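Turn these sequences into a full structure, and let the hints steer you where they fit.
Quick note on numbering: the sequence shown equals residues 1416 to 1943 in our numbering.
A hint or two may mislead.
What the hints assert, rightly or not - Calculated cross-link-like contacts (lysine-lysine; reagent style BS3-like; alpha-carbon spacing at most 25 Å): (1) 1704 <-> 1662; (2) 1431 <-> 1420; (3) 1792 <-> 1893; (4) 1504 <-> 1591; (5) 1699 <-> 1656; (6) 1781 <-> 1683; (7) 1656 <-> 1683; (8) 1427 <-> 1683; (9) 1853 <-> 1792; (10) 1504 <-> 1420; (11) 1853 <-> 1893; (12) 1662 <-> 1535; (13) 1591 <-> 1431; (14) 1781 <-> 1656; (15) 1535 <-> 1591; (16) 1792 <-> 1704; (17) 1893 <-> 1656; (18) 1535 <-> 1504; (19) 1427 <-> 1781.
Claimed, not checked - Cβ-Cβ distance ranges computed for the label pairs, FRET-style: (20) 1473 <-> 1624: 41 to 49 Å; (21) 1522 <-> 1416: 30 to 38 Å; (22) 1896 <-> 1531: 52 to 60 Å; (23) 1624 <-> 1718: 20 to 28 Å; (24) 1531 <-> 1431: 21 to 29 Å.
If you are wondering where the hints come from, they were derived from the structure by calculation, not from laboratory data.
Keep in mind that this is a model prediction, so the values were computed, not measured.
We treat Cβ as the ideally placed atom computed from N, Cα and C, and that holds for glycine.
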Amino acid sequence: FTRPKVVLISTKDGRKSWELNPDKPDTGEGLKLPVIQQLIITDGQLSFDEQRRGLTLQAAVNAREAASGAAGFLLDGRGTVNGSPLTLKIEGGPFMNIRRNRPYRFEAEVSGAGSSLTAKGAITRPFDLGRFDATLTMQGRNMSDLYLLTGVTLPNTPPYRLSGALNRNERIWTFKDFDGRVGASDLSGEVRVDSAQRLRVDAELTSRRLDIDDLAAVLGARTRTNAAGTDTEAPVVVGGKLLPDAKLQTERLRTMDGTLTYRAAAVKANEFDVRAVNLGADLKDGILKLDPISFNFNRGEMNGTARINATRDTPYSTVDLRLSGYPLESIIPARNGSVPLSGRALGRARLEGPGASIHDFAGASKGSLSLVVPNGKMRAAFAELLGINASAGLLKLLSGDQSESQIRCAVADFSVSGGTATARTFVIDTDVVLAQGKGTINLGSETMNLRIEGESKKPRLLRLWAPITVSGPLTAPKVGVDLGDVVSQGGLAGLLGAVVAPVTALFAFVDPGLAEDADCGRLIAGAR
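Listed below in structure tokens is the structure:
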């Protein structure tokens, strides 16, 4: 053939222009060709329009064999897929030697859209393209880019390289016994694709050791791994935000159904204390359910579920996460050989709302957030300073006092509306101070503005009536003291000192210690 032009169109409802009966439902079966003894194409043009996925392919195609046929068959294609450069190369044995009952061996390479696929295998019965076996190696910068080459919707990932056995049996494609790396994590398992009229993908995946940053990439965060799959020091923050803002591609999710199970036996978690991960997903008609979402820590665990309705361009999500037995020591690490806080935390996040990214969802969500510490310990110096008991707290800090105060309970319970969490209950009850707080956390701007006021349970000589403030971005909050109350207290003391005896002036700073214990049982029950 010289300068042939082939135009192929696949419509949104699955009809294909190359089918003899275009109204026949798509069964996903492979093309069956007669045995070809010779094929030569010079300056061919191939145009492919896949309307369901919005893919376009324009390629120049050439095919040739040596005059004797001994050198085998070679097909070259160069073009674009959705504007991205694409190259295709297929090599095989001489056509003149083909026999129907003898497998035809081939090698194929496809590169484009940031991905590269290399296959080496055999067509079981030439040229029944619905049945073949091959060893497949695929690599690229992001697995989601494979959609342009395969039509399979995959999540965002760091750079990857995987190798395994590819088998096609009519509409069923199986990629099994594969292993390799995704970012700094190993990955192995099996993926089964049913290419019937509605695509279905079922995957069972495992990692011997997961780098938690690579999982963050799946959620839309920038990773700490580079193209070589090794760690960098870049923080896992997208666009300066703590919560990932990569958009969920809902139109792709609506093109397929499927299930996923993923287990990581060990985890490199950096500042986190994760020991194992277990995830499950089910996608049906644009509804994605995540169950379980399970993270096991060295102490404690987090479990939950999520439901994402992607039937519209802006998905609507519901999330329910529970934290149990997580050590406070992992949240606030030790300084100078001692931990400021110890105990186990319980928490729950129940949120729902619209949003195409985790950040957008959080910024528009409604629901509740709660954190409870049923009991624990706090360095006595910090407990005193919750009430700004300067005489006790500062002396203990300056002397390096490592003694501890008992935390009877701590409860932070927030209602969430429009992405703003407002404190309903905020209590820290120790054996020396009862502290209560109020304020808000804005999940959209990722900022907080909290105010904590403490009351001593024991008389103190020097007590500054000044609330503690916690404000600023969630990634770097600032802790301060509201000096307005201190100034007014000092003004009162100055007035007293001018009128009565100097000793009397100290009374403005003397805390009589009138705070009572909080009703911990009621507070904890309310937060749960």
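25 Å limit on alpha-carbon distance, applied to hinted pair residue 1704 and residue 1662: 17 Å, holds
So if I understand the rule, the pair passes when the alpha-carbon distance is 25 Å or less; does residue 1893 with residue 1656 pass? 17 Å, holds
Would the pair residue 1431 and residue 1420 pass a check requiring their Cα atoms to be no farther apart than 25 Å? 17 Å, holds
Go ahead and decide if the range 20 to 28 Å is satisfied by the Cβ distance of residue 1624 to residue 1718. 22 Å, holds
Straight-line Cα separation of residue 1427 and residue 1781 no greater than 25 Å? Violated - the C-alpha atoms of residue 1781 and residue 1427 are around 37 Å apart, more than 25 Å.
Taking the CB of residue 1522 and the CB of residue 1416, does the distance hold inside 30 to 38 Å? 23 Å, violated
With the threshold set at 25 Å, check whether the alpha-carbon distance from residue 1853 to residue 1792 stays at or below it. Holds: residue 1853 and residue 1792 sit about 23 Å apart, inside 25 Å.
Straight-line Cα separation of residue 1591 and residue 1431 no greater than 25 Å? Cα-Cα ~29 Å, so violated.
Please work out if residue 1662 and residue 1535 have their alpha carbons no farther apart than 25 Å. 36 Å, violated
Keeping to a limit of 25 Å between CA atoms, is the pair of residue 1656 and residue 1683 held or broken? 22 Å, holds
Run the distance test for residue 1427 versus residue 1683: straight-line Cα separation, threshold 25 Å. 43 Å, violated
Can you confirm whether the C-alpha distance between residue 1535 and residue 1591 stays at or below 25 Å? The given pair, whose Cα atoms are some 15 Å apart, holds under the 25 Å limit.
The structure fails hints 5, 6, 8, 12, 13, 16, 19, 21 (numbered hints given earlier, in ascending order).
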